[in-house]
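Protein chains in written order, with the numbering used here: chain A, -15 to 272; chain B, 88 to 521.
Some hints could be false.
[Unchecked claim] So the derived list for chain B, only partly shown, Cβ under 10 Å to chain A, looks like this:
hint	residue
1	Glu116
2	Thr174
3	Arg179
4	Val184
5	Phe205
[Said to hold, decoys possible] Here are the computed distance ranges between Cβ atoms for each label pair:
hint	chain 1	residue 1	chain 2	residue 2	range
6	B	His493	A	Trp42	49 to 59 Å
7	B	His493	A	Ile(-2)	45 to 55 Å
8	B	Thr115	A	Trp42	28 to 38 Å
9	A	Glu(-3)	B	Glu103	28 to 38 Å
10	B	Asp282	A	Lys34	30 to 40 Å
11	A	Arg18	B	Arg305	51 to 61 Å
12	A	Ile(-2)	B	Glu116	29 to 39 Å
13	B	Arg487	A	Ile(-2)	36 to 46 Å
14	B	Arg305	A	Glu13	36 to 46 Å
15	B	Asp282	A	Glu(-3)	23 to 33 Å
16	B	Asn306	A	Glu(-3)	23 to 33 Å
17	A	Phe191	B	His299	47 to 57 Å
18	B	Glu103	A	Ile61	27 to 37 Å
[As the list claims (entries may be wrong)] Keeping only pairs whose Cα atoms sit at most 30 Å apart, straight-line, the calculated DSSO-like set for lysine-lysine is:
hint	chain 1	residue 1	chain 2	residue 2
19	B	Lys90	B	Lys145
20	B	Lys279	B	Lys240
21	B	Lys240	A	Lys26
22	A	Lys34	B	Lys240
23	B	Lys96	B	Lys145
24	B	Lys145	B	Lys279
Worth flagging that the hints you see were computed from the coordinates, not collected in a lab.
The model shown is predicted, which means the values in this text are computed figures rather than measured ones.
Even glycine gets a Cβ: it sits at the ideal position worked out from N, Cα and C.
The primary structure of each chain is shown beneath.
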Amino acid sequence: MSPPEASAVAAPEIVIAPPERWRPIDLRELWAHRELIYFLTKRELQIRYKQSFFGISWALLQPLIFAGVFALFFGVIAKIQPPGDLPYAVFAVAGIVPWLFTSTAIQQGAGSLVLDANLIAKVYFPRLALPISKGLSLIIDLLIALPIVIIVILLYGVGIASTIWLVPAFLLLGVVTAFALATFLAAVNVKYRDVQLVVPMLIQILFFASPVLYPGTAVGDTSGHAWSYIYSINPMASVLDGMRWALIDGQPYPGTANILISVGSALLLLLGSLLYFRRAEDFFADVI
Amino acid sequence: MSKPAIEVKGVSKRFEIGNTAGGYMLLTEQITERVRRRGRRPKGQEFWALRDVDFEVKQGETFGVIGHNGAGKSTLLKILSRITPPTVGEARLRGRVGALLEVGTGFHPELTGRENVFLNGAILNMRRAEIQRRFDEIIEFADIGPFIDTPVKRYSSGMQLRLAFSVAAHLEPEILIVDEVLSVGDVAFQQKCLDRMEDVSREGRTIVFISHNLGSVRNLCDRAMLLSRGRVNAIGGVGEVIREYVGEVERDLPRSLRERENRDGSGELRFVDMHLERDGQVIDSPTTGEDCDIVLSYEAERERPFRTVNFGISIFSLEDSTPLLHLTSETSGAVFRQVPPRGEARCRLDNCPLPAGQYFMSITADLAGEMLDGVHRAFEMTVAGGDFYGSGRQPHPDHRTVLVPHEWTVTEPSSRPELEAPPADSAYRAKTSA
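Only chain B is shown next, with the shape it has when bound in the complex (with noise of 0.2 Å):
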């Protein structure tokens, strides 16, 4: 049996963080800091990305690398790319190595795309004749036909990101690292490109692809490596580590609101318990489309009820902490006259517009502008996929944060019906606050 095709050993990564926090620093600043520091170096504090991480890849299998924002994939993906070098450990890569971290890595808008494809595969490590041979070829994957002697700065965004893949999946490394570059581009773009892949895959090239998106790697991988804190988490087939993942997402809940210490809002009521529930059973992940409740406790030391609460959620994307829904009783048009001093609030979530992906809420209860209590990031949810359209197809995922229910007519212009129906946007609205 041939050697394998990568071995990584004792691998760790550290960086100093504190007095540089945005990497570069100023001259001038570095020097007094020196002589207030009389000379001593400065101490940083210190922080692993990667510690002792030890794994192997069998030449021309596909291996994928999960977890968690900040769990150190993106630093293995630049020691193995050879961008950055590891503090600790070695690895070995047996074969040519062909690095994806970004398509269209120095394209430059003055250039022709001609002159980019060249400049842009030379970059990429490619032979100026290798790029000559398949040039026909990259221009035909990107589709961008006569205007391969414009400037690049005159294509539209999609054209350029056609011509960068098209530039990188002509690349023929025997190891191929890839990180999150398939999630761009329009449906059918993204179509041919993870077809690229697998033909690649085919080939009998290694391939290390690095991926938040669990179904491309389901689907792509044969074996895959779990990275939580910077260290290997789990190994082995990928269906064993994705359930892993999942779990260790289902760990990483704070599910228990009444012990969280950091919170906002004077005290007087307290959010004990979060859950979901689905037709009156409790649910882990809501499912895109389909009804869902969100159902906060809380206690107060109080005997008496309270006026006039105004209860809130907000829903963020778990990956960027993008605001997406903010759901308030008030707004809904939901006025309580009386709060019981110990209860459960309730929203409803009809036709649940979240569309497959990991989010986080903050809820908050305030009376009369005063806030009672305010606890940030207090559940996450993954919510699976659903097919909130009935139509079988999703929105472009680069295009989307939620998902509204709407309709499409095409007419000729003179007989443009009179609007019966409610714009479809204020329809959603009347939804949600029924």
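So that you can see chain A by itself, here it is in the shape it has in the complex (with noise of 0.2 Å):
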């Protein structure tokens, strides 16, 4: 133990104060609080997995079987037929994986901070960690079904594309959106409860939106088609189309525009969240 006089002088004076009401996210103070944001995202992945049956194999039997029914009802039986002879369950599978990431995120995200009540109304941290924690978790799990889609393509007989390094980059875009969506929910449904309601509304309208069970082609056939620019302010149609095309041999590009422009929105979206988190969040502990 030091002796607190040496301590004192290195230590920071903090100043507490009526804050400003627009202000910028403090990385400093996220990156002092890492360890916690480690825990926490530990937690998650401890209690998720500690107390079911399949463990940690769920974050592979979850998009396998969704794979499996809607390549059974939309393939086989609605007979939707994905650009370049794709087997339906290979475009599928493709686009299931990071969709179930995407409106996990949303859901689990936006239901972080009110989920952890406690924690806000007892200790201080940087509130962002709930929602960081919650999703770092789930990126672990986006992680270990990857594999899967890999497997499958095999399987089908498809050829891997060789611009599958682009891969993490569209996943990155689906994070950040993701990110975005849930930490503004994360926020109002600490004031309003019925945010909650919305939530699996919300995603549900995303789901049709995004091109999880079509391929973004049925919007606007060519890229530089109106109607694919609106299609594209949705980030998650660049997300999936994006990832089926670095990935999967012979998958239409989704067009560079149409990248940046989801790409754009993506970034505004995670903006305005991020400001609007961070206005809210001195008040958690007031009315959570």
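Mind assembling these two chains? They're in different frames, but the hints should get you there.
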């Protein structure tokens, strides 16, 4: 134990004052709390898999089950034909893995603050640590599920595209989108509890507005089509079609303009929700 | 001289009350509300939980904060620990801050003791390396032995508490902010915690200690501050501030029953005064284990005596309004055939069974089920601690509301004696009605 005088010299002076209304994210503070984020992420993973019979294999089973169901109804019965004569099961699994990440992250992220209300009311830490650790724990699931996609592609005898190294970039876009929506909804949820009812509906709408079941080319045949630009405002359009293009041989390129629209829209979303979050977070403890 | 560890200047905190009673609300509610008010901001009532609070705490000092419920203690604590920001004003803290509002925050039942120690440590802003280094000490202090790798949900509540406090006790901040967390656990563990606090204080760390327990504030603190309705009422030496607090408690007593307007009943008979006596002497506060008379003076307009008036006294805990005792003349077996139109009703409480603490009393008088007069919260009193059992010991504060005389025996199964005396409980009842 160091004598208090010595440490007091080195200790920072904390100034507590009424907050500015709009503030940027304090990255240094988040970094200072990296161990908390680590343990919160670990907690998420431990709790999720501790009491389930299949344990970590849920991360694999879930997308496979969905892909099977979609392949049956949309591939076999409704006969949706993905571009490039791709078997529908391959098409589906490549969309479902990132989609499941996004939808789960939005859903769980939106509830992350309210779920840990007790922490917020009793301890100080950067509140963003809660949605961040929720997101990180789901990224781990996503990484576990990704090899499934590659295995399914190879099982169907389809080739892996040479652009596979771009997959992380499209996934990152998905992560940003999910995180932006989740933090915004989480902050609103603290004040208005009926957000919990809105979230599943929102995810449903996003599901139909994103190329999970159907290819994005169904919206505009050519990437220069005006509708396809509007469609790309939903960043998930570029995430899913982009990932299919980057990973699977013979899938159409979503178009640079479309990708840029998606990236811009995701960044705007992120900026807006982080600003809102920072503005709202000071009063979380008072209303939660 | 070094700068003070804590400097608080003009800190105020405002809450909006009224339209957001429960804090959060429904969005749909908010929208209908806005529409109804045609877009104008709904006017909530303002409430200042803290107003212009100024104080300083020197390096290495143990500083107590006392005050009634709702005086703003918790709000101040939340501001100092950065959980909520002030509305106005500024506070400067020099040094690493550890705040302890509740032990075991963030403990998860599914995780093992070990996992929870690390998680809880991280939540309390301890470094992982630091927790690792002190892990064995933490386990030893908590005294949970081989259960460290068992999920916490299988722990007894005592074990959970010990583990949680143990993590907290190994925080090593330069400034420690502690709420009423010491009043948990069994007596031996509490003592361990108090000793630990003293160690921390001797190591030269700065402590802000917020408590209802005047005894521990007096023992631990050098200086103290009294908050009253969000303002600093007194600040200085701990003895002086505690005296001021006790004086405030007494001044706040609603003594003038005659003038009280907020009362129930027909008013045919009215309570006009109430006081406590011991051996014929008026006293301010009864002592646990000593006899006490509660005397109710009443008056009526009429000249004829009443028949069979039933007087009642309910005693509640001041802190959380828990009803503790209901004493009525009827249930005690006393039947008054003739009750004079002016007089005193006296209730003798043998061996006052209330432990040290603050209480309030509500009083009633009814005639054949019809309320004549009823005054809620007619009297507040502070009971001084005494030796109820003559053993010099007190039951655990968390598990007692009133004390009853009782007897213990231990025998072998073969030689179980006939029950000669009635059970302790009925003995007590016999006593109070006598």
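How the hints compare with the structure:
1. Glu116: B:Glu116 check passes; min Cβ-Cβ to chain A is 8 Å, inside 10 Å.
2. Thr174: 6 Å, holds
3. Arg179: 6 Å, holds
4. Val184: 6 Å, holds
5. Phe205: Because about 6 Å separates B:Phe205 from the closest Cβ in chain A, which is inside the 10 Å limit, the hint holds.
6. B:His493 <-> A:Trp42: 49 to 59 Å: For B:His493 and A:Trp42 the Cβ distance comes to about 55 Å; the hint holds.
7. B:His493 <-> A:Ile(-2): 45 to 55 Å: 52 Å, holds
8. B:Thr115 <-> A:Trp42: 28 to 38 Å: Because 35 Å falls inside the window, the suggested range holds.
9. A:Glu(-3) <-> B:Glu103: 28 to 38 Å: With Cβ atoms ~31 Å apart, the hint holds.
10. B:Asp282 <-> A:Lys34: 30 to 40 Å: The hinted range 30 to 40 Å holds for B:Asp282 and A:Lys34, with Cβ atoms some 36 Å apart.
11. A:Arg18 <-> B:Arg305: 51 to 61 Å: For A:Arg18 and B:Arg305 the Cβ distance comes to about 42 Å; the hint is violated.
12. A:Ile(-2) <-> B:Glu116: 29 to 39 Å: 37 Å, holds
13. B:Arg487 <-> A:Ile(-2): 36 to 46 Å: 40 Å, holds
14. B:Arg305 <-> A:Glu13: 36 to 46 Å: 38 Å, holds
15. B:Asp282 <-> A:Glu(-3): 23 to 33 Å: 31 Å, holds
16. B:Asn306 <-> A:Glu(-3): 23 to 33 Å: 31 Å, holds
17. A:Phe191 <-> B:His299: 47 to 57 Å: Check passed, 53 Å falls within 47 to 57 Å.
18. B:Glu103 <-> A:Ile61: 27 to 37 Å: 56 Å Cβ-Cβ, so the 27 to 37 Å window is violated.
19. B:Lys90 <-> B:Lys145: 7 Å, holds
20. B:Lys279 <-> B:Lys240: 24 Å, holds
21. B:Lys240 <-> A:Lys26: Answer holds: B:Lys240 to A:Lys26 is near 18 Å, not above 30 Å.
22. A:Lys34 <-> B:Lys240: Status holds; Cα separation ~13 Å.
23. B:Lys96 <-> B:Lys145: Status holds; Cα separation ~15 Å.
24. B:Lys145 <-> B:Lys279: The given pair, whose Cα atoms are some 26 Å apart, holds under the 30 Å limit.
Violated hints, in rising order: 11, 18; the structure is consistent with all others.
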